[in-house]
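My request is simple: use the sequences and hints to build the entire structure.
Everything in the sequence shown is counted per numbering that gives the first Met the number 0, starting at 0 for the first residue and increasing by one.
Honestly, I wouldn't trust all of these hints.
[To be verified] The calculated lysine to aspartate or glutamate pairs, modelled on EDC-like cross-linking and capped at a C-alpha distance of 20 Å, are:
no., residue 1, residue 2
1, 449, 459
2, 428, 416
3, 399, 387
4, 284, 310
5, 6, 41
6, 463, 328
7, 142, 327
[Unchecked claim] Just the calculated beta-carbon pair ranges, DEER-fashion:
no., residue 1, residue 2, range
8, 418, 315, 38 to 48 Å
9, 396, 168, 32 to 42 Å
10, 353, 268, 32 to 42 Å
11, 315, 245, 52 to 62 Å
12, 292, 127, 19 to 29 Å
13, 317, 443, 20 to 30 Å
Note that these hints are calculated values from the structure, not bench results. Each residue gets a CB set at the ideal place from its N, CA and C atoms; glycine is no exception.
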Amino acid sequence: MSNFDVKQMWEQCLGIIRNNTPEREFTTWFGAIQPIEYSNGELILSAPSHFVVERIEADHLDLLRFAIQKVFGKGTKLEYRVLADKKNNLTVDVEATKRTVFKEELKKPEITNPNEKPVLRPLDPRLNPNYNFENFIVGGCNKLPRSAGEAIAERPADTAFNPLFLYGPPGVGKTHLANAIGIKIKERYPEKRVLYVAAHEFQVQYTDSVRNNTFNNFINFYQSIDVLILDDVQEFASASLVKTQDTFFHIFNYLHQNRKQLILTCDRPPVKLQGMTDRLLSRFKWGLLAEISRPDVALRKEVIHSKVHRDGLHFSEEVINYIAENVDESVRDLEGIITSLMARAAVFNRDPDLTMAENLVHQIATLSNKPITVDDIITKVCSYYNIEPKEIQTPSRKQKVVQIRQIAMYLSQKYTDTSLSRIGTMIGKRNHATVLHATKIISGLLENDKQLQKDMQEIEALVKQR
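Structure representation (structure tokens):
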């Protein structure tokens, strides 16, 4: 059969599939599939990646089988030739099986980033240099996770701790430890591609890749990573994010099967992740579930001593003991108290004393019982930029108003538990997609815009003061 005939017949198959598939799904999964040849009852198709083949077979195999059998005849076998790896073809009998069996050795795909721009080597791991093993204080609440982290840093993906699932309440050091592991791996294995990414940023990248028809680039980028650190994975736990979960599930499988290390952080154990698919939850339990709990008094004292010494400060033992015994929520709270105490001491030009510490702890303890709201954030952001809150509620497209509105959305997503759709409704009557877009825009600007970085630091301080 000539190539022309094969292409015409494949177009007939696509017509059947298109008529029974939402347009966006059709474009995403079948848009890049091309026929190569048909002979001896076997149809050979080219696919851009193994991931595309896996998703087609998971979600569209019955329809694909029906179309091929209708056009090419019953008994037709199907072979995929993946462009990223021409040596390892995938073969499936369309009539006999519902899954393609992948060969074990897969060549790394060409590396591009989620937004089409080519990745520069070496990849920026986006790790925080201040979060390292040297300043991670060890105690009973985090000894096991710390030991596991050191083992992973020695032999990434070569321990039983893959994935390493770190969970615990906010501010106890999960992000610190995950970063420390990444930093140590880069020190020992400079050639490894290590990447830290927040879950909400992954979601924004995924959404953009679907919207911009760069989904294959997105997948290839994440499949190129040797050590993936995903922070705040609980943000995936929503019925509205099932497609994001499915995408991460396949990325997880690929990395794990190819002996790549995964490190995940979460504010709760997997069993409490309502809204997460069962198959993804099962993957989280494959390695080590390591809890980091709130620090005890002894560890809190060590944390205070460490920060005071590191910053060249002087606190009396009386002040240190009082703070350690009365601030028991998290390491982050301890460090915030110390910073605030030093600021007050500087204003009054004297060393921090017990009375000053008592007043500050009482004030913060009272405020901490009041959660931050979207209205709080709108008020503080607008006050900082000296505009009326009603201005960001209008349809105005003035650049200043648009950016202030986006900053309010970004901070609302970061500091409240309010859903994205509700945030959009409260800020300018926008929708879920607009809030995601705003988060992406502000996150991107914060990487290089020094003025915005300064503004954001000051606004966040205002928000936390309440």
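Evaluated hints:
For the given pair, residue 449 sits about 15 Å from residue 459 by alpha-carbon distance, which is consistent with the 20 Å threshold. For the hint pairing residue 428 with residue 416, the CA-to-CA distance comes to about 18 Å; that is within 20 Å, so the pair holds. A hinted pair counts as satisfied when its Cα atoms are at most 20 Å apart, and residue 399 with residue 387 qualifies at roughly 13 Å. Simply put, residue 284 and residue 310 have alpha-carbon atoms about 39 Å apart, too far for the 20 Å limit, and the pair is violated.
At most 20 Å may separate the alpha-carbon atoms for a hinted pair to count; residue 6 and residue 41 meet this at roughly 14 Å. Straight-line distance between C-alpha atoms of residue 463 and residue 328 comes to about 15 Å, which keeps the hinted pair within the 20 Å bound. For the hint pairing residue 142 with residue 327, the CA-to-CA distance comes to about 18 Å; that is within 20 Å, so the pair holds. Between residue 418 and residue 315 the beta carbons are some 46 Å apart, a value that agrees with the proposed interval 38 to 48 Å.
Distance hint for residue 396 and residue 168: a CB-CB separation of about 41 Å, consistent with the stated range 32 to 42 Å. Between residue 353 and residue 268 the Cβ separation comes to about 39 Å, which falls inside the hinted range of 32 to 42 Å. Separated by about 56 Å at the C-beta atoms, residue 315 and residue 245 satisfy the suggested range of 52 to 62 Å. For residue 292 paired with residue 127, a C-beta distance near 22 Å keeps the hint of 19 to 29 Å intact.
The hinted range of 20 to 30 Å is not satisfied by residue 317 and residue 443, whose Cβ atoms lie roughly 47 Å apart.
Against the hints set out earlier in the document, violations occur for numbers 4, 13.
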